[in-house]
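Enquirer: For reference, the chains in residue letters:
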Amino acid sequence: MSGSDHPGEALLAVEGISLNFGGVQALTDVSFDIKRGEIRAIIGPNGAGKTSMLNVINGFYRPQAGHILFRGERLTRMRPGLAARRGIARTFQNVALFHGMTVLDNLMAGRALKMHCGFFWQMLRHGPALTEEIKHRHAVELVIDFLEIEAIRKVPAGRLPYGLQKRVELGRALAMEPELLLLDEPMSGMNLEEKEDMCRFILDVNSQFGTTIALIEHDMGVVMDLSNRVVVLNYGQKIGDDTPEVVKQSQDVIDAYLGVGH
Amino acid sequence: MTPIRRKLSALGGVVLPNTVLGDADTFPKLLARNAALRGTRPAFRHKDLGIWHSWSWAETYDIVRAYALGLSQLGLKRGDIIAVIGANRPKLYWTFLAAQALGAVPVPVYADAVAEEVGFVLAHAAAGFAAVQDQEQVDKVLAVQDRLPALRAMIYDEPRGLRAYDGARLRQIDAIIDLGRRALREDPAARARIDAEIAAGDAADICVVLYTSGTTGQPKGVRICSGRAIHAVTDSVAFDRLTDTEEVLAYLPLAWVGDYYLCFAQALVAGFCVSCPESAETVQENLREIGPSFYFAPPRVFEGLLTTTTVRMQDCGAVKRWLFHYFIAVARRHGERLLNGQPVPLPARLLYAIGRLLIYAPLSNTLGFSRIRVAYTAGEAIGPDLFSFFRSLGINLKQFYGQTEAFLYLTAQPDGKISAESVGIVLPHVELRIAADGEVQFKSPGQFAGYLKDESKTAATLTADGYVKTGDAGFFDHSGQLRIIDRARDVGRLNNGALFAPKFIENKLKFYPHIREAVVFGNARDFVACFLNIDLTSVGDWAERNGITYPSYQELAGNERIAELLRGHVEEVNRALASEPALAAAQIRRFLVLHKQLDADDGELTRTQKVRRGPIAERYAKLIDALYDGSTETETVTEVTLEDGRKGTICARLKIRDLQLFATATERAA
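Quick mapping for you: the protein sequence lines, in order, are chains H and G.
Here the working numbering is used: the first residue of the first sequence is 13, the next is one more, and so on.
Here the working numbering is used: the first residue of the second sequence is 21, the next is one more, and so on.
What the hints contain is simulated information worked out from the structure, not anything from laboratory work.
Don't be surprised by glycine CBs; every beta carbon is placed ideally from N, CA and C.
Keep in mind that the hints are not guaranteed to be accurate.
[As the list claims (entries may be wrong)] Short derived list, chain H residues pointing at chain G, Cβ under 10 Å:
id: 1; residue: 111
id: 2; residue: 113
id: 3; residue: 117
id: 4; residue: 120
id: 5; residue: 160
id: 6; residue: 163
id: 7; residue: 165
id: 8; residue: 212
Pulled out of the complex, with its shape left as it was, chain H reads as follows (with noise of 0.2 Å):
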């Protein structure tokens, strides 16, 4: 759908990236780039280490060797807080969200790392701290009108059905304004017409926002549709990274998918 080619520079690359648990290793000496303004998707099977990839970039892991570029920026290891304060923001495979809290709390927490004011101001809620949150409940008000969740503003998160909790974490994410958007597995679980809700949602940031998004999918057909380019890991290393069309002709993809007669 957003097939335009993009040739701008790389917004994040990793090289090299080799993670283990113990024994097993997760990823082996895996490296990729993904430009500025693309939807770069990452594929493969069960345990092929997508999630961990992702975890690796937003540095919940520290891998055993390779190092991340971030806007130029070499880091032999990224932290979670620090990826955060650069722009990074992520959605979990398992939702995470804060169940307790409604679905506006939800997103404002998003904004926290905006949020400059010292406890003293905001225990007051007065002065710089109250204009501080107008301004921040504003920007999480677009991003609720953006994402059509107005009906369940006031909704403990924790009652919403499970289609609705992805797009409020979704949400939460946008609420950072990230120039990095890492999104894992963002229609796991949903009803085709969910999935399509989504996919619209997905294409409006990037086209709007101009945010770079990275996404682990299983569904091939939701990977046609969005990204501009894929890569492919089976059992914790790169076997394919290309356009959506030609990683679907890739033997190895194919054989990785679908498994290889013996």
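Following the hints, complete the assembly by docking chain G onto the known chain H.
Expert: For chain G alone, kept in the frame of chain H given last:
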């Protein structure tokens, strides 16, 4: 003779009395009057980004004049048609006013219509312009633009997703208003020009063309002229004593006469404020925030409210549940009598007062009904139980009867004289009669000025002496109120000559919360049979309570126990029919539960959710045959339209069930 009277009598029809409006014979003139009389009072409100914004009458007048000037620079002029497609938003209402200020004619189109239907209306009306809400509507119009040679420009409210579109023929409404503002500021002649345009409008101007929902065939464009419209509205405003302090939430479809009348025309005549909800999903919440004093909803909305209330009360703790049921019973005994001002003993009054404190007031508040002074329902028959439930809570719910061709009201119930079966007394200045075949016919102040580009249909609708045929069969009851029984041409006969009024039977079925829709067959048949549609909310709830699991609507509808549940309801209806000798022969002998919900996207319902018999009979011909050939099971493949416009098919195996028939009193005696 005032100008209005002279112009209207030139049009023929009813001669109008003097009104209190002075010379305001168009809606833009009413806007100017409101800006002068109550400039600082709110005229429109809209919730956007979580905040209610409001515009006073004076601000609205300024905006509308700038908007009109901007539109005229775009090329809109007297007599042009401008389609308006979208939800209830101030900018779309202002489009009505700005177009009318130039003498152009707005044609609202149902926002949830598919591209095909939008294309039909725009092509038929030969719309030169379209004002739409958002990308979704722009896409629909662009999809059918090959068939719209007259379309010159499109304007939109929400810019989201529209940046990549061709900008030459597509402009934002805000940009048009700015264009007009700049002209007003820089060009002294512009102000005079726009004021002259407004002054040039008169009572004979067509103020809107409303396409009827088309229960039969293609929609027809009903032309309403502004002088007549304003007169009709003035009468109903006086009837319900509406003032400029009323609050209204505009959530009805923009293209429906009810919204144009109740939210737009009444607001301009009475000078009250119209609030636009944040989105279609937030209506219930916005209702609570605004607390309207005048409210309209079709019976199915009240039905939905009662269903959700009942379902949620079943999930409550035992004490709350007991309190609710106890006081609802109290309300059912005394509430309506209190509302009607009839005598009620003191202990009952006290009990009701406690009930109000504990249950009725909080419930009304949750529903957004705390401040309601006048509430109306119309369009379909309302169940007596449902009707009295809301009235017993102290909500002044009434019924009226009308149609698009009359510019809404013909009859309405006065406060205190209410019944669920009738639709009220004939309004002042309306002449209403019952023809020999039972059809209701009328002449009224708001009477339409013919169908757009359809002389033959206009002629077919009028009688030789100038009355409009409603197509509804009805009669006046003992209290002088009108009762509607069915569409005149739907009233048929069984093969044995017995009377068959399908809608009457369907309504009886639909009063059961488990039945969402019913389609009854029987005209020129040996017996009566029917299709039923389950109501997913209430049947789903029943299923949950009774340990039935179901993956989707289709499986739930096909469940044996659900069918037995429905059988009980249908047999109760049969029992009721048996008690009325004229209708006893029309008892339902066989029924089946449909595997899919009847849907407007599939052409089975109109956009106002009325059953379209013709298309249903065609689509489900095989099922109907099975009802009458004695088979107990049948297979079907149905094509359905998905929300994005693609087609899919559903296959199902449906069981047909036979029902018990009841003897009438005379048969029992024999």
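Enquirer: Decide, hint by hint, whether the structure agrees.
Expert: Here is how each hint holds up against the structure:
1. Among the interface hints, the one on residue 111/H is violated; its C-beta lies about 20 Å from the nearest C-beta in chain G, farther than the 10 Å criterion.
2. The beta carbon of residue 113/H comes no nearer than 17 Å to any beta carbon in chain G, farther than 10 Å, and the hint placing it at the interface is violated.
3. Because the beta carbon of residue 117/H sits about 13 Å from the nearest beta carbon in chain G, more than 10 Å, this interface hint is broken.
4. Here the hint on residue 120/H is broken, as its CB sits about 12 Å from the closest CB of chain G, past 10 Å.
5. Interface restraint check: residue 160/H against chain G, minimum CB-CB distance 7 Å, threshold 10 Å, status holds.
6. Look at residue 163/H: its Cβ gets to within about 4 Å of chain G, closer than 10 Å, so that hint holds up.
7. For residue 165/H, the interface hint holds, the least distance from its beta-carbon to any beta-carbon of chain G being 7 Å, beneath 10 Å.
8. Proximity of residue 212/H to chain G holds as hinted, the smallest CB-CB distance being about 9 Å (cut-off 10 Å).
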